[in-house]
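K.L.:
Now for the letters of each chain:
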Amino acid sequence: MSDRGHIPESRQREAPRADLKWIGRSMKRVEDPRLLVGKGIYTDDVNLPEMAHAAVLRSPHAHARIVSIDVSRAAALPGVLCVMTGADAAKVCDPLPTWASPPVLQPVIADDRVRHVGEAVAAVAAEDRYIAEDACELIEVEYEPLPPVVDPEEALTSTGDAVLHPERGDTNIALERTLSFGPVEEDFAAADLVIERRFRWPRSGGQPLETVGAVASFDEGAGRFTIQCNTSMYNYCGWMIASTLRVAPHKLNIVPTLAGGSFGSKMFVHKVPVLAAVLARAVGRPVKFMEDRIDNTTSCDNHASDRVYYAKLALKRDGTLLSLKTRIIDDYGAFLQFGVGQHGNALSQCVGPYRINSVEVDLAAVLTNKCQQGAYRGFGSEVANFVIERLVDAAADELGVDRIALRRQNFIRPDQFPYLIPTGNMYDSGNYQAVLDETLKLADLEHWRAQQTEARKAGRYIGIGVATCQERSVFSATEFWMWNLEQGVEWTSSPDGVSVKIDPTGKAFVTLHSPFWGNSPETVAAQVLAEQLTIDPADIEITYSDTDQGLNSTGPGGSRFTVMVTGAIVGAASQIREKMLRIAAHLMEADVRDLALEDGAVHVKGVPDMKMSIAELADKAHYYRLSMPDDLDLTSGLDATYVYDHPVTTLPDPDERHMGIFYPIMGHSCHIPVVEVDVETGQVHFLHYAAVHDCGTMVNPMTLEGHIRGGTVNGIGTALFEEFAYDEAGQLTTALWTDYLIPTIKEAPADIVVGHVETPSPFTEYGVKGGGEGGRMGGPPAIAAAIEDALKPLGVTIDSLPLPPSRLRALIRKAQGRAA
Amino acid sequence: MYPFTYHRPDSLDEARARLAASEDGRPLAGGMSLMPTMRFRLASCADLVDLNAIEELAGIERRNGQIRIGAMTRHAAVAASPEVGEAIPALAALAASIGDVQVRNRGTIGGSICFADPAADYPAGVLGLGATVNTDRRAVAADDFFTGLYETALEDGELVTSVDFPIPERAGWAKLGNQASRFAVVAVMVSLAGGAARVAVTGARTHVFRAAEMEAALAANFAAEALDGIAMPSEGLNEDLHADRDYRAHLVGVMAKRAVRDALAR
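Protein sequences, first through last, are from chains F and P. Residue numbers for the first sequence follow our numbering, so the first one is 1 and each next one is one higher. Residue numbers for the second sequence follow our numbering, so the first one is 1001 and each next one is one higher.
To be clear, the hints were calculated from the coordinates, so they are not data collected in a lab. Treat the hints with caution; some may be incorrect.
Stated by the list, open to error - Each pair of labels, with its calculated beta carbon distance range: (1) F:L35 / P:N1221: 55 to 63 angstroms; (2) F:L105 / P:F1004: 40 to 48 angstroms; (3) F:D751 / P:M1035: 46 to 54 angstroms; (4) P:F1004 / F:A90: 54 to 62 angstroms.
Ideal Cβ positions, reconstructed from N, Cα and C, are used throughout, including at glycine.
Using the sequences and the hints given, assemble the complete structure.
P.N.:
Take a look at the structure:
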């Protein structure tokens, strides 16, 4: 196992316990009241005196040289304050931040060429948005079209005019390399059977109701920007925006606004705040830019994995899985914001829950004339889940064994954790058998198998799918750079911090240093702090810091926030508890070792009457310094800050035998949908859906179930409907939600029966694991399997998504043709 | 959206006068198609004449063996109408299948047939039930009303006031809708009255049409099996992201049979 690295000691302080009061409770969300009464402040609710409004002229071409731009008519329109072209922007700002190494230069407004439909060509600031949009229509641009590159496999061989970034060489391959872990060739040589499939995972993306927006202002006196924006990661790397704007990092304050949904997008928003900021500096007034829907769908950060897989799974005739080899072509669009971090991510769980001895991944990341990829629920790992699950299904079919039995046979056993997979990532804990058993119970498999048999006799097609999927959580920074050929950003920290203050009356204030991203950070923080200090969550107030006040904090994303904020609060609360005990010991003339914090008061153990409430202690701590010991380190007040580092991560091996531990807090899920396929129309109806997740110790079962149900419907969208489809000319044909089909209540199952298994992590506080992405990670392979099962009499194979009625009907027609 | 002047008359006469007085006026019914089009700056007008305050244009009544539905009657009202439900349940089902709750509470029958979207539901109802469209000037038979892509027999400034639906012996509705808009990818209204069958198909061509071969077969034998072997040629059918021609042609056959089964089950 040494080739797979080493496992550090656990740094867990709080073991999971049975007698927790607040952790584990389905408490109503702290965030809800103000959001439900419409008092949440989203970016578009921010209105500043003298604020101007921006609109963006976007490229109608997929790929073209900009020959000339005439802005004179637009600039002359009454109410227009500024018209900015790419050339103008390049004079006042640098290319946008990127994790790619070598970088793929991305201008905030297109420079001499446009590289995708929807790329910004010019921006206008005006007295109102109407005038700004009118002005955009008056800008005259002459384009010289270049060959559009749309097909990812054709992009492998692009040269000449078809190359998007000639400064990186005469190719559209941004990165191509092979990583091999373990004895791949030996394992393939020893195999009795190799399953080979080509898979196509479609480009889709997070679709938050609220688009990305920013309100930027520039204080000419202080030389300083303030940007209010619905972004994350601002306390991790917000200074990169300052660099782009060519100001020192302390001359920019990023103030987070609530995100009206993200689904992973808005992870590190760069285009919109930079655009608003350069315009604000140019016009000397605050500028608001809110994307409209087409701005968002054509040019935001929400497009995701767009992959072709050539996959091979080697196994023995007895069903033992041996090795996995994949050739991946990933269509990254025109730019690489996060490098190929999505593939670092996928390496974290590419072998699924199975004992697979070796892995080889051969990746080509290609540049095409499409919107850049960003982050989206799963961040590439959901694709790996689809691939391994489809391969295991295919292997079972090939061997003529039950799909569930083959899974059981190859599961990593509960006694094998913590377990290092060939890529070096660690699975901290798990009990996959238990999750499967629980799901089978909820799914009532026997009932549905009987229904299936009856239905087939009547010419109806019912199918049952089973997917057993990993649900990695808590990324470490290495996932973003491990693939790089050259040194670039090689960070190894990905912490999250909190500040906690108890005021003189005993009320608690928590400052989070990461934003509200559409999830439940305040609820989690309140429950954990209440648990730690034995107080009522109603006595806790929670706010968000800006970058001026911010502690080193990575933010949500990668299902990390519940684990990280829990760790940070445990760290801060322990400092506060220690101080309270010290003060109480002094005031009650007791030994600190005889004291305990219970029910909001410090007691002398065994002497019920001797106690001081937190409010009393806070009062003393704030106002009675002279009653305290005269120690320099005992300052007045009752507060603490704590930055919680990633609980368990290690460096990639310098020789690349493994990639270290980078995504170790490993949840697991089993999804069993039952579908009926209408073979005449190609429509899929859900008859039943059971999903069991193991996210370790649950902080709040209700919000976790919300994530699971919402994520599962998200997965239904990916499996059946959603696609950012580009035609041969590079036009995005699904820019609007009339064509980009999101499942509605009519397409969702009547209920998603959710169950839980709790296998606590030995590495995180209380054993919590992340659970924000699992629904979308488990849904697609399970649904594909269910459809395949339904259509088994016709011999339909599912290897590409999505499957809207037209496409499924085409597959059925082909199969019926073959049969006839 | 480009600027326009908004008018809200409370009588048909005033609406007509407003439209007549404007060089570039448009009537506004439910606005479910017109407003988004204007918002995207794909349509504009100098004067927008809102018909929503004209009470005389809304309402449902049964008289002379027919169901009369006022032009400004909302889809939700048709879907919930006891008169429609009793006389032509398939028409209530059609109305209930339009869009979503918000659309059904705003959209109107008059707006739908005047806009004549190639995928709208009501044109199939009007044609498939052999209705008559009443305007402020005349009565137009359904067969003459829909003339092309977003085109009708209406003249400039002519306003639909109501639609008269004869009550058939049987009628059935089947639709495969776009899941976002619920517009028909293909939808079919069939009816049987006085020995004659009608089969009206929407979503498949530039505008709603009747499937003559199917009608003849159903007149002889009003049963789904009567349609066996009648293939809809894919040539000339609409093709878009959600359905190519072959799929649409296939769906016409499937939806027609399902509409017949629906009619027989009502």
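K.L.:
If you test the structure against every hint from before, which numbers come out violated?
P.N.:
Result: hints 3 and 4 break, sorted rising.
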